[in-house]
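Turn these sequences into a full structure, and let the hints steer you where they fit.
What follows is the residue order along each chain.
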Amino acid sequence: EPEVTQTPSHQVTQMGQEVILRCVPISNHLYFYWYRQILGQKVEFLVSFYNNEISEKSEIFDDQFSVERPDGSNFTLKIRSTKLEDSAMYFCASRQGFDGYTFGSGTRLTVV
Amino acid sequence: DQQVKQNSPSLSVQEGRISILNCDYTNSMFDYFLWYKKYPAEGPTFLISISSIKDKNEDGRFTVFLNKSAKHLSLHIVPSQPGDSAVYFCAARLYTGANSKLTFGKGITLSVRP
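Top to bottom, those sequences are chains R and E.
Each residue of the first sequence is one higher than the last, beginning at 1 in the working numbering.
Each residue of the second sequence is one higher than the last, beginning at 1 in the working numbering.
None of these hints come from the bench; they were simulated from the model.
Glycine included, C-beta positions come from ideal geometry on N, C-alpha and C.
One or more of the hints may lead you astray.
Stated by the list, open to error - In silico lysine to aspartate or glutamate, EDC-like type, Cα no more than 16 Å apart, as pairs: (1) R:LYS57 <-> R:GLU44; (2) E:LYS106 <-> E:ASP24; (3) R:LYS42 <-> E:ASP24; (4) E:LYS68 <-> E:ASP31; (5) R:LYS83 <-> R:ASP63; (6) R:LYS42 <-> E:GLU42; (7) E:LYS5 <-> R:ASP63; (8) R:LYS42 <-> R:ASP86; (9) E:LYS106 <-> R:GLU44; (10) E:LYS68 <-> E:ASP24; (11) E:LYS54 <-> E:ASP31.
Said to hold, decoys possible - So, partial list: chain E residues that the calculated Cβ filter (under 7 Å) puts toward chain R: (12) PRO9; (13) GLU42; (14) GLY43; (15) LYS101; (16) PHE104; (17) LYS106.
Right under this line is the structure:
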């Protein structure tokens, strides 16, 4: 069964450093998302991406965040200057049509 | 912003019995509802969904009921099995074309006792 792949599974970074979280969505999917879950809290929407541009972003997704689809297969989330409160599980998701959101296994980001 | 609410943080049931997981929502414009199951250190896995034009959808041991007037949906698992022990998230979609994001509830931890 096709799956969404995320790397790395766990990233530890120092506060103020840049991190790039990588995702390979399902190949024929057209819509891409990043969500995050802070420990003990609910899964929150960050950004949606379609046709090589951001469709919508939440208030969490400020100027420190950016997304790219650099080569037609990878979908990346960059945090320019990480803060302690960025520590969370970050989930990539993709979908093809009306439904069928498929999530990756997540990247646990720990900012120290 | 609590548009999707799962008010019970946990549920414990005996193996073989029915598990009923509840979810309430406030936005009447949601058009699609999904249940996801999540194990520790894994991403949410799609379980079952229901369109807002239906009131019931069944898939094997899993049935989702939607009561639009009450803005309430529930997931029934019959019979419950120990492997069903996980966190269950209710999610709702506001369809705006390419901007169709999901809004999640906080999740319910289901424990099925052998």
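Now for the hints, and whether the structure bears them out:
no. : hint                 : verdict
1   : R:LYS57 <-> R:GLU44  : 11 Å, holds
2   : E:LYS106 <-> E:ASP24 : 11 Å, holds
3   : R:LYS42 <-> E:ASP24  : 15 Å, holds
4   : E:LYS68 <-> E:ASP31  : 10 Å, holds
5   : R:LYS83 <-> R:ASP63  : 13 Å, holds
6   : R:LYS42 <-> E:GLU42  : 15 Å, holds
7   : E:LYS5 <-> R:ASP63   : 29 Å, violated
8   : R:LYS42 <-> R:ASP86  : 14 Å, holds
9   : E:LYS106 <-> R:GLU44 : 10 Å, holds
10  : E:LYS68 <-> E:ASP24  : 10 Å, holds
11  : E:LYS54 <-> E:ASP31  : 10 Å, holds
12  : PRO9                 : 10 Å, violated
13  : GLU42                : 5 Å, holds
14  : GLY43                : 4 Å, holds
15  : LYS101               : 5 Å, holds
16  : PHE104               : 4 Å, holds
17  : LYS106               : 4 Å, holds
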